[in-house]
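Sequence order for the protein chains is A and B. For the first sequence, the working numbering begins at 1 and goes up steadily by one. For the second sequence, the working numbering begins at 1001 and goes up steadily by one.
It is worth saying that the hints were derived from the structure and are not from the lab. The C-beta atom is built at its ideal place from N, Cα and C for all residues, glycine as well. Wrong hints could be hidden among the right ones.
[Claimed, not checked] Here are the in silico distance ranges between beta carbons for each label pair:
#, chain 1, residue 1, chain 2, residue 2, range
1, A, Y168, B, S1161, 26 to 34 Å
2, A, V194, B, T1389, 28 to 36 Å
3, A, A70, B, K1188, 53 to 61 Å
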Amino acid sequence: MPEQLLFGAEVFLNGLMAGVMYALVALGFVLIFKASGIFNFAQGVMALFAAMTFVGIQDGQVPFAHLINAIFGTKIHHFGWELHSLAAIFLTSLVMICMAWAVQRFIFQYLVGQEPIILFMATIGLAYFLEGVADLMWGAEIKTLDVCLTDNTCLPQGINQLIDAKTYDWFGYGFFIDNLDISATLVAMLLVTVLIVFSQYTKQGRAMRAVADDHQAALSVGISLNYIWILVWSVAGFVALVAGIMWGAKSGVQFSLSLIALKALPVLMLGGFTSIPGAIVGGLVIGVGEKLFEFLVGPMIGGATENWFAYVLALLFLVFRPQGLFGEKIIERV
Amino acid sequence: MKKLILITTAALFGGTVAMADLVFPSLSYRTGPYAAGGTPFADGYADYFTLINERDGGIGGVEARVIECETSYNTEKGVECYEATKGEGALVYQPLSTGITYQLIPRASADGIPVHSAGYGRTSAVNGQVFEWIFNYPTNYWNGASIAVKHILELNGGDISDKKIALLYHNSAYGKEPIPTLQALSEKHGFELDTIAIDHPGQEQKSQWLQIRREQPDHILFWGWGIMNQVALQEAINIRYPMENFIGIWWSGAEIDVVPAGAGADGYKSLQFHNVGSDFPVFDDIEEYVVKRGKAAGAGDQIGTVLYNRGLYSAMLAVEAARTAQELHGVAEIDASMMRDGMEALMMTAERMASLGLPNFGPTFQVTCENHGGEGLGAVAQWDASAQTWSLITDFIAPDLEVIQPLIEADSMAYAAENNIELRCN
């Protein structure tokens, strides 16, 4: 096989993997938008907040330690425990549920019936507030993230040896595929399956879909909007936790993590704001598109094309299909 | 009305009191995406001034006052901070951002307030004939590129004509700074230069590292910042790139950059323009006069880290320039123009650093009217993942001024021509 073709195939595969990582972030946006019509600007910060809370709980860090010490003159920083990753995930999920309740109780309950732009502005405020709370709770330093089931079974990183060896045997060139990306793909598959099963086969899931389809009709059959929105924000919080863990494993958990939202926007534009499969397919198309463009055209124009090309690709799709690949068709009757 | 008069009088009185201080604004970033890097620097900067006040009673008997203003590493906010604090009698600005520095160069020059960008900002500001108010001692990015190449030359027995060096850089004015120098050095030494850009913020770098994997450069020079650093380290480990051949600029060489990557980051190198660790007498004083008195900045948990030391070093240079200004003008209460004179006459000798409790903490250098950048020395540090420490593995190395000086001349003269600046120091 010609060398360039092999390189291209490797780039294609890595693009697919990167796309899964983008889709993980986009999923949270889709869930909330679908159920409540709110474009949640705070989704990236939620991923940051969830990941910081996960590390904080796992490492036994005392939340708001600096604040407590400053007020009371104490010197407490740690509880002295080290929690198992699964326990930390569970406790973080509880924190995200509390956050969902608070968001609904103190913000969106008062904004029911407001224009979408007002709701969007509220999520901007929420993003900055959450960022500040995360800073106060856990501090601004970069935290190392270790997700392990047992001492020897941790979230793997680095080149997958098997794929490297096999492709070398077949083509004389070993493909690079990151173990973390493979894990992210498996986790994303599991997550999407769980979400689909939840929304199709559980009472709460069906209620969520009913609210997404028609708020007023759902209300008329006795579904509590308040409860469903808390549920949706909780699920989005859990998705944010998964995204935060996967992205945080690459770079450590730090405040820049909130910027992963920028990677989700073109995915949403392309896949549609209301479709879970759209988020996945959109992620894959954006991932592959930007990587191949960088590989084929990047060197001719100075490189670093990925950020803007993702948006160009999304805009192209928007021109021909404004609702995105899988979005609901916009029909307005006069 | 009476109340208004009272408030005005109080403000005027407050203003008079403030004039008795030596004001050093600190454009810090303790929040936002770059907070992890900005916080230790701001702590080190503040703690050194606290030490000077607590131990020595100020600079020449006048208390130093640090006004901290949060920029979040955002250029617009940085300019707002400058405008908000310059009226307080600011002596010198250290913007801690190349973007903010570029914005402040014309403003501060017009206002007559010196700007000091140690190891960042506009490299050609070295030329004091053109940039009267701007200083960038002890070194700059072009010197950094040259020092890194010198180190690579040393590793390869002085011949790198058959080597390939990749520059992996933040796709911004900062990241592009070393390119002209490296191109000139590539011509001089015959190595092949490959430049690879990473867009801000740099969370996703797969394309760049696949390219590196394909092209197999012998050495990588890295101009990154923020999350870009941690991701690059992890990706380098992923493709099993030899860490000892991976050299970051000083903004890509702190503990926060390497710790998240774990044991795999062992052997990674970075340039430094000051020493690392806390094994210097000044840290005993900081413990005694700052920490024990409960006056440490922030949480007091960054002392001795690379970026804390950089903040401390920057503050020390400001204090020494103020002292020099006081000696030059024979007054303790100096203003910004006197401070500028002090900066232009600053001489950091080994003896002076030792007397400050900082022996061999930074390179020796002398600032002159023509040269606002000093001799431009820098050192190479290496990360030991098991000990979790950085160590300098070279002495402070001089850059190749034969290559850099003409570049500085060309760039600064072009700036002078564009802005109708009359050359000084004649």
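Each hint tested on the structure:
Our hint of 26 to 34 Å for Y168/A and S1161/B holds, since their Cβ atoms are close to 31 Å apart. For V194/A and T1389/B, the hinted distance range of 28 to 36 Å is not satisfied, since their beta carbons lie about 44 Å from each other. At roughly 55 Å, the beta carbons of A70/A and K1188/B sit within the given window of 53 to 61 Å.
Hint 2 from the list above is the single one not met by this structure.
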